[in-house]
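Asker: When you get a sec, could you build the whole thing from the sequences and use the hints?
Here the protein sequences come in this chain order: A and B. The opening position of the first sequence corresponds to residue 1 in UniProt numbering, with each subsequent residue numbered one higher. The opening position of the second sequence corresponds to residue 1 in UniProt numbering, with each subsequent residue numbered one higher.
Treat the hints loosely; a few may be bogus.
Identical copies carry no separate label here, and so any pair may be met within one copy or between two of them.
[Unchecked claim] Keeping only pairs whose Cα atoms sit at most 20 Å apart, straight-line, the calculated SDA-like set for lysine to any residue is:
no., residue 1, residue 2
1, Lys119, Glu99
2, Lys167, Glu70
3, Lys28, Lys222
4, Lys222, Tyr29
5, Lys402, Thr413
6, Lys205, Thr11
7, Lys28, Gly166
8, Lys406, Asn335
9, Lys119, Asp385
10, Lys280, Glu99
11, Lys73, Leu83
12, Lys342, Gln103
13, Lys167, Gly199
14, Lys205, Thr121
15, Lys100, Val120
16, Lys222, Met31
17, Lys66, Asp263
18, Lys300, Asp263
19, Lys12, Tyr124
20, Lys402, Glu431
21, Lys402, Ala58
22, Lys119, Glu399
Hints listed in this document are in silico derivations from the structure and should not be mistaken for laboratory results.
Number of protein chains: 2
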Amino acid sequence: MRTVTLTKESTKDILENLLKRSPSSYGKYEMAVAQILDKVKQEKDQALFGYTKEFDKADITAENIKVTEEEIKEAYDQVDPSLLAVIRKALVNIRTYHEKQRQNSWFTSSENGTMLGQKVTPLYRVGVYVPGGKAVYPSSVLMNIVPAKVAGVPNIVMCTPPGRDGKVYPTTLVAAREAGADVIYKVGGAQAVAAMAFGTESIPKVDKIVGPGNIFVALAKKAVYGHVSIDSVAGPSEILVLADDTANPHYVAADLLSQAEHDEMASAILITTSTELAKKVQSEIEGYLKVLSRREIIEKSLENFGYILIAEDMDEAIEAANEIASEHLEIVTANAFEVMMKIRNAGAIFIGEYSSEPLGDYFAGPNHVLPTNGTAKFFSALSVDDFIKKSSIVYYSREALKEIHKDIVQFATAEQLTAHANSIAVRFEKEDEGDSL
Amino acid sequence: MRTVTLTKESTKDILENLLKRSPSSYGKYEMAVAQILDKVKQEKDQALFGYTKEFDKADITAENIKVTEEEIKEAYDQVDPSLLAVIRKALVNIRTYHEKQRQNSWFTSSENGTMLGQKVTPLYRVGVYVPGGKAVYPSSVLMNIVPAKVAGVPNIVMCTPPGRDGKVYPTTLVAAREAGADVIYKVGGAQAVAAMAFGTESIPKVDKIVGPGNIFVALAKKAVYGHVSIDSVAGPSEILVLADDTANPHYVAADLLSQAEHDEMASAILITTSTELAKKVQSEIEGYLKVLSRREIIEKSLENFGYILIAEDMDEAIEAANEIASEHLEIVTANAFEVMMKIRNAGAIFIGEYSSEPLGDYFAGPNHVLPTNGTAKFFSALSVDDFIKKSSIVYYSREALKEIHKDIVQFATAEQLTAHANSIAVRFEKEDEGDSL
Chain A
1 MRTVTLTKES TKDILENLLK RSPSSYGKYE MAVAQILDKV KQEKDQALFG YTKEFDKADI
61 TAENIKVTEE EIKEAYDQVD PSLLAVIRKA LVNIRTYHEK QRQNSWFTSS ENGTMLGQKV
121 TPLYRVGVYV PGGKAVYPSS VLMNIVPAKV AGVPNIVMCT PPGRDGKVYP TTLVAAREAG
181 ADVIYKVGGA QAVAAMAFGT ESIPKVDKIV GPGNIFVALA KKAVYGHVSI DSVAGPSEIL
241 VLADDTANPH YVAADLLSQA EHDEMASAIL ITTSTELAKK VQSEIEGYLK VLSRREIIEK
301 SLENFGYILI AEDMDEAIEA ANEIASEHLE IVTANAFEVM MKIRNAGAIF IGEYSSEPLG
361 DYFAGPNHVL PTNGTAKFFS ALSVDDFIKK SSIVYYSREA LKEIHKDIVQ FATAEQLTAH
421 ANSIAVRFEK EDEGDSL
Chain B
1 MRTVTLTKES TKDILENLLK RSPSSYGKYE MAVAQILDKV KQEKDQALFG YTKEFDKADI
61 TAENIKVTEE EIKEAYDQVD PSLLAVIRKA LVNIRTYHEK QRQNSWFTSS ENGTMLGQKV
121 TPLYRVGVYV PGGKAVYPSS VLMNIVPAKV AGVPNIVMCT PPGRDGKVYP TTLVAAREAG
181 ADVIYKVGGA QAVAAMAFGT ESIPKVDKIV GPGNIFVALA KKAVYGHVSI DSVAGPSEIL
241 VLADDTANPH YVAADLLSQA EHDEMASAIL ITTSTELAKK VQSEIEGYLK VLSRREIIEK
301 SLENFGYILI AEDMDEAIEA ANEIASEHLE IVTANAFEVM MKIRNAGAIF IGEYSSEPLG
361 DYFAGPNHVL PTNGTAKFFS ALSVDDFIKK SSIVYYSREA LKEIHKDIVQ FATAEQLTAH
421 ANSIAVRFEK EDEGDSL
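Answerer: If you want it as structure tokens, here you go:
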């Protein structure tokens with residue numbers, strides 16, 4: 001892990017290095033993904049069965065593509081009851097937090113007969129993608145399904161690739177059922193995204209597709225965007241710890257490593273005003289590395305995207321944090337709440353020395369699907385907002401329209417849109433007869 | 001304008017025909033746009049000056065790319081004072097409506113020391129694109145700038161192409177100043193989008209680009225999406241009128257034509273339970289066509305994308321309206337508010353016979369930047385929501401984390417993320433010593 005003095009230049013260099021991790025440089029797979037999308041669009045189910053045989057080595061048919069009640073029951077039998085209890089506790093917290101995000105339809109009205117407002121409607125059908133493979137993340141299943149459920153989405157469809165035995169990993173099924181998935185299909189990869197975007201005989205077309213996935217899944221989501229909605233395409237995980245000399249280096253180092261272990265592209269950055277802390281964190285990291293099971297991944301990600309930045313003062317440190325706009329930001333300083341008030345850009349902000357980042361990954365309630373790669377400057381965590389849309393509501397009485405109709409006619413005429421002007425004018429042509437509009 | 005009996009099949013055919021208007025079929029310009037983006041990224045200002053000479057035939061330099069206070073003063077002298085008065089009245093309505101959309105940061109807390117919430121922050125810098133050419137739409141300037149301003153965006157940058165004389169159309173400048181643009185640059189097309197996405201010597205990089213434009217602008221916005229945020233790529237305008245035998249055919253026809261005049265790709269659809277009304281609207285349209293100035297455009301758009309659909313009953317009509325998910329939906333029926341309650345998908349809903357669609361384009365207050373091409377199933381009108389982002393806030397005291405730390409360790413361990421588990425465990429290693437976690 002490099003230690004660098006924080007300057008405008010070093011911040012710029014770091015930002016450029018981090019942006020190398022952007023998924024936009026994966027163009028070479030685009031053609032393969034486009035072919036998969038096309039084939040599913042044309043051949044529907046048949047294409048899904050073929051790709052599942054080819055990529056997942058599993059025999060899927062119209063009869064077994066949908067996970068059955070029996071399979072879900074089996075899954076419950078296989079999951080450790082104490083893990084199920086933890087999942088249920090986490091679920092309560094996640095649901096409680098997301099319920100606070102619900103938005104109401106609203107209107108304003110006036111006595112001469114105008115009503116304006118917004119009607120909030122949940123999306124009708126949402127598709128949640130859940131990756132397969134050895135690494136199973138039930139937390140991710142909860143985080144993607146709960147906001148849709150809380151938003152009131154009546155149809156939540158999930159797709160996940162089967163193993164060679166044609167089965168879905170039991171923890172995934174249990175998490176999906178607990179969170180509220182309505183139906184689960186055994187199909188993965190770009191072909192699953194295509195199925196949810198266009199619809200097949202077995203899988204209905206959805207309005208929005210969310211959930212993490214490999215590069216094929218990410219490119220497929222990007223390709224179908226506009227035809228359906230998608231969540232933002234997530235990049236590698238990031239943590240930025242903002243710390244002064246009050247921070248505990250043993251904890252800071254552990255938290256940096258918690259994100260570095262995700263994958264070799266993950267980034268862990270400490271910005272501190274204390275050279276003393278910087279040294280201690282470096283040495284703590286070396287200590288942990290000897291015992292942590294994912295040592296190889298951690299070493300690679302720290303080498304490529306890990307930094308310890310020494311700042312002149314806290315204001316400079318905060319400014320750099322705002323520039324970097326990290327997915328996760330921990331504030332471990334004196335007056336941590338005051339520092340938080342100065343943070344403009346971060347996916348999630350963890351305040352104080354006991355708000356360790358993994359608390360947010362699993363348990364506290366806020367969503368762990370967060371903007372990465374500097375996009376916290378303009379994107380937000382996955383939330384209930386992602387599963388609703390708003391229709392404007394406009395009502396004007398005759399009296400109310402009459403009062404302003406000449407203004408509208410003048411505005412439309414200035415824009416040379418005469419049929420616009422006409423549609424207002426015809427409603428008052430009798431009383432305006434003889435007027436020069 | 002075709003008259004068709006409404007069935008599931010006819011609805012499907014119409015949807016397929018409307019989707020032909022999707023901008024996703026403009027792939028052939030993508031290469032040209034990619035070249036422009038690349039050149040601006042590399043050569044910055046020089047590329048802008050070159051393209052402006054090439055495409056707009058105007059000489060723009062570092063000295064005159066920014067609109068001066070003097071130019072704005074000149075513009076005010078040239079705009080009809082009565083039009084300015086109308087713009088100001090509209091602005092008050094638009095601002096008042098959008099102010100209702102403001103969202104608060106919020107938190108919940110518990111006495112054992114947990115605080116969870118969302119911190120709402122406006123985007124820092126937003127770019128608004130305004131098309132040039134003969135058609136000048138000051139209403140569009142207002143609709144794109146006001147929500148950003150109300151959201152609290154401190155830096156609103158506008159780009160618009162100059163005429164051959166190097167000037168911007170005066171109404172555009174006046175509308176921009178009235179709405180609250182902070183700085184205006186004379187550059188248009190894909191090159192303007194590139195400048196705002198990457199930054200040049202003259203034009204600062206922004207966080208989000210909004211505003212309508214031609215196919216080059218739309219493709220450029222799509223290409224930079226992810227690097228910055230964008231509004232949704234708008235398709236051709238649409239109106240759907242839902243009417244029964246209580247509707248006035250003279251008004252209904254005028255409203256259909258108000259959207260049909262936008263361009264040849266615009267779509268105007270009437271769904272009615274009354275064959276009598278259908279006939280009368282058809283004949284009214286023929287009457288209007290004789291007198292409206294944009295007759296040629298209207299005839300083409302009606303021929304290609306205009307429909308009168310006869311429904312069995314209102315429920316069937318409503319179901320088709322939800323399937324079509326029109327940008328603008330007028331409800332001109334008995335019990336119009338009750339019909340509104342059954343509408344799931346529409347960009348903006350106009351209720352009753354005096355809520356003519358152009359009222360919303362100019363004056364009532366709701367935004368006229370609306371989802372098109374069926375995307376009202378998952379997208380919303382441009383709003384204050386588009387110019388804020390939310391950071392999750394997580395605070396746990398030692399006591400609060402202690403209570404649940406073993407749950408998190410178990411969850412992380414089940415996901416084989418041992419460094420995640422470690423970061424929680426190290427905070428309680430003394431008291432847990434001897435425990436088997």
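Asker: For lysine 300 vs aspartate 263, is the C-alpha pair at or below 20 Å within one copy, between two copies, both, or neither?
Answerer: within (9 Å within a copy, 55 Å between copies)
Asker: At 20 Å max between alpha carbons, let me know whether lysine 402 reaches glutamate 431 within a copy, between copies, both or neither.
Answerer: within (10 Å within a copy, 76 Å between copies)
Asker: Is the C-alpha distance from lysine 167 to glutamate 70 at most 20 Å within one copy, between copies, in both cases, or in neither?
Answerer: Intra 12 Å, inter 71 Å, cutoff 20 Å: intra-copy only.
Asker: With identical chains, the pair lysine 119 and glutamate 399 could be close in the same copy or across copies; at 20 Å between alpha carbons, which is it: within, between, both, or neither?
Answerer: Result: close neither inside a copy nor across copies, 24 Å intra and 42 Å inter.
Asker: Tell me, please, which holds for lysine 342 and glutamine 103 at an alpha-carbon limit of 20 Å: within, between, both or neither?
Answerer: Answer is between; shortest inter-copy Cα gap is 19 Å, intra-copy 27 Å.
Asker: Between the shortest in-copy and the shortest cross-copy C-alpha distance, which are at most 20 Å for lysine 12 and tyrosine 124: within, between, both, or neither?
Answerer: Answer is between: at 18 Å across copies they meet the 20 Å cutoff, but 43 Å inside does not.
Asker: How would you classify lysine 406 and asparagine 335 at a CA-CA limit of 20 Å: within, between, both, or neither?
Answerer: Neither, since 58 Å and 28 Å both go past 20 Å.
Asker: Between copies, within a copy, both or neither: which fits lysine 66 and aspartate 263 at Cα up to 20 Å?
Answerer: Neither: 31 Å inside a copy, 45 Å across copies.
Asker: If the cut is 20 Å between Cα atoms, do lysine 119 and glutamate 99 qualify within a copy, between copies, both or neither?
Answerer: both (18 Å within a copy, 16 Å between copies)
Asker: With identical chains treated as interchangeable, where does the CA-CA distance between lysine 222 and tyrosine 29 reach 20 Å or less: within a copy, between copies, both, or neither?
Answerer: both (12 Å within a copy, 19 Å between copies)
Asker: Are the CA atoms of lysine 402 and threonine 413 at most 20 Å apart within a copy, between copies, both, or neither?
Answerer: Answer is within; shortest intra-copy Cα gap is 17 Å, inter-copy 68 Å.
Asker: Given a CA cutoff of 20 Å, do lysine 119 and aspartate 385 count as a within-copy pair, a between-copy pair, both, or neither?
Answerer: both (13 Å within a copy, 14 Å between copies)
Consistency with the previously given hints fails for numbers 7, 8, 10, 13, 17, 21, 22, ordered from lowest to highest.
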